[in-house]
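Trainee: So the sequences go chain by chain: A and B.
Sequential numbering from 138 applies to the first sequence in my numbering.
Sequential numbering from 45 applies to the second sequence in my numbering.
Bear in mind the hints are in silico, worked out from the structure with no lab data behind them.
Remember, it's a predicted structure, so these values are computed and weren't measured experimentally.
Be aware that one or more of the hints could be misleading.
To be verified - Computed from the model, here is a short list of chain B residues facing chain A with C-beta under 8 Å: (1) MET56; (2) GLY57; (3) ASP68; (4) ALA72; (5) PHE81; (6) ALA85; (7) GLY86; (8) ASN87; (9) GLU93; (10) ILE94; (11) ALA95; (12) LEU96.
In this text, a Cβ means the ideal position worked out from N, Cα and C, and glycines have one as well.
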Amino acid sequence: MADTNHPEAKFHEGDFMRLLMQHEPALRAYSRSLLPDWNLVDEVIQEASLTLWQKIGQLREEEGFLPWAKVIVRFKCLSAIGKLGRDRHVFSDGVLELLADEADSIEADEQAAAMKALRSCLVNFSKPHQELLLAPYSGEGRVKELAEKAGKSANALYKLLGRLREKLSDCVHENLSSEERNPV
Amino acid sequence: MKPEDLIRRYFMGEASEEEVADLDALLAADAGLRRRFVFEAGNDTALREIALERISEPKVSDEKVVRPAFRSGGWMAAAAAVILLGGLTWTQFSSPKVIATLVSSEDASWESALPTAPGSDLVAGYLKLNSGIATIRFRSGAEVLLEAPADFVLETPMKGRLLRGAAVIDVPESAIGFVMETPDGYAVDHGTRFAVSVGEENEGTDFEVLDGEISVFHPKTESEVRLSGKQATTITSSGLEKRDGPIPEATLERDDHIIRVGTQGMSVSVIANNDEDYLHPDFLMAKKSVGKIDFDRRSVFSFSLDGIDIEKIESARIRLNLVPSGIGFAGHLPKVNRFSIYGLGGESPAFWDSGILWENVPLPESGKLLGSFEIPRSQQRAAVGINSDELLRFIQEHPGTTLTFLLVRETSETESRGLVHTFASDSHPEASGPTLELFTNKTQ
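Can you build the whole structure from these sequences, using the hints too?
Mentor: So, in structure tokens, the structure goes:
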């Protein structure tokens, strides 16, 4: 890497960083559709971001960033799964291809609307319930900790978490379809 | 088990091998379920993003802020930036020559592209000292003690330029000939200790020898004066004036014509998610996020005009003291941040008593914009405020009432987890809380 900018490229470093930041959540969601856990998603995204920069010369229009990036991320995901072997709980190749096609069809603004809807749904939950919904991502053993604090079994809390997630997902769904009916 | 439950178990990492196989078969056969699956992947992503945001948004009550090793939004770009830039920039510039060292700083706050940690090597460049005292040792041996507020330019090991502020210069034998420039003229040192003080515009510059000898030059009039002992000179754009003996101590003008009003505890911050853990009674906070507003903060404060003769007031000012918050990254803010103060009305608001919520505070649009001020992102301490005709009129329209004001940051951060600006409230241990200053006619 001798040069900060590809001389022939339309997009320079500043543009690249901006586009990457803008579309990072969508690329994460895309990877999550294909990969069995978050560690793998983080690894793939990190690797993909470097590849994206190296190949930025391929990109012609800003609007094309997300679909173009998805192609690269898809490839990285499938190759990461290939390395896992069959001992992990992963889907068959056929299903992975079908899921990737489905995830490809999601537009950038659709994805953004869904994330926004989830944010507004989440704040309707009570504070302890919000905490529980976020606990699985807040560090190893956080759900257990909450269970101890509440004097309940971890198993009971996981059941509650399942119900809360169902409710949250219904709310997001509801929110999105009402928006479709009454576009703002 | 319902297919939806299988999907949920999968994303919660609870699905068994058998369940994954079941789900695989169901997904292969059902396009609607695949759509559902991808939708849940998006929800899982959004939840994780929010969880990571809340971890990294430090709570005020946390004594130590533990930052996770990984980050949500921006993490990838940040990592990429390191990868991309890490090996690049250093090859592009050969390192400039070090001409001085920052020896020490006492309560110093800086605005500078140069490093400002004590012990740092300094290359030629500009230093702005906003508060505190700092000592810079030039490679020649000359030592400059800067007092804030000061603007100082390091030029060579034998030359510095003071654009604003005061400095005491100590010049050992090795640095005889050291030049200190100012906007009006410059001093050449013949081995001594001397003081320089650059006044505000048109006030001129004072040079005062503390020990030894210096020459002061006034280029415009081509005049020169040699000072020794305790002699001093004041130079202005029109010339220089030598005095025998030190410059007399300045006196402070007494301000009998200012009425100062405090908030008397009527000040509070609100946060959009109404989570009090992110607020603190010592601080009035202002933050505008990028995108979602959960962590946006605003502040309200009131002054009672009870017993004040409004007729006599000729001008008015609101003063706030910016204090360091330690919450968020200043680097995630624009270089300059704009704040506005809105007048919310003259009736005594009921919300001071307890539990004031974000939605109880009127929106800026429903108030009257009284004035704005700016704070550079590098600044952590400052006296700021507004002094406007709008403020005066607002006060005159509401005599004898309790006036309530809303403080908001108008400019938003450029990336999430940007710095939260904090201003002292009445309970702040060091700085004073919001003050309303009313200026009456001097002759009365």
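Trainee: Return the status of the interface hint for B:ALA72: holds when the least beta-carbon distance to chain A is below 8 Å, violated otherwise.
Mentor: Cβ of B:ALA72 sits 5 Å from chain A, so the hint holds.
Trainee: How about B:ALA95: closest beta carbon in chain A under 8 Å, or not?
Mentor: Holds, about 4 Å.
Trainee: Quick one, is the B:GLU93 hint okay against chain A at 8 Å, beta carbons?
Mentor: This interface hint holds because 6 Å falls under the 8 Å limit.
Trainee: Would the stated hint for B:GLY57 survive a check requiring a Cβ distance to chain A of less than 8 Å?
Mentor: Holds: closest Cβ of chain A sits about 6 Å from B:GLY57, inside 8 Å.
Trainee: Checking hints one by one. Is B:MET56 an interface residue toward chain A, by the C-beta closer than 8 Å rule?
Mentor: holds, 7 Å
Trainee: Are B:ASN87 and chain A close enough, Cβ to Cβ, to be under 8 Å, as the hint says?
Mentor: holds, 6 Å
Trainee: Next item in the hint list is B:ALA85. Is there a CB on chain A closer than 8 Å to its CB?
Mentor: B:ALA85 check passes; min Cβ-Cβ to chain A is 4 Å, inside 8 Å.
Trainee: Under 8 Å is the threshold here; is the Cβ of B:LEU96 close enough to any Cβ of chain A for the hint to stand?
Mentor: holds, 7 Å
Trainee: Identify whether the interface hint at B:ASP68 stands, where standing means a beta carbon of chain A within less than 8 Å of its own.
Mentor: holds, 5 Å
Trainee: Quick check on B:PHE81 please, does its C-beta sit within 8 Å of some C-beta on chain A?
Mentor: holds, 7 Å
Trainee: Quick one, is the B:GLY86 hint okay against chain A at 8 Å, beta carbons?
Mentor: holds, 4 Å
Trainee: Verify the interface restraint on B:ILE94: the C-beta must sit less than 8 Å from at least one C-beta of chain A.
Mentor: holds, 6 Å
Consistency note: the structure conflicts with none of the earlier hints.
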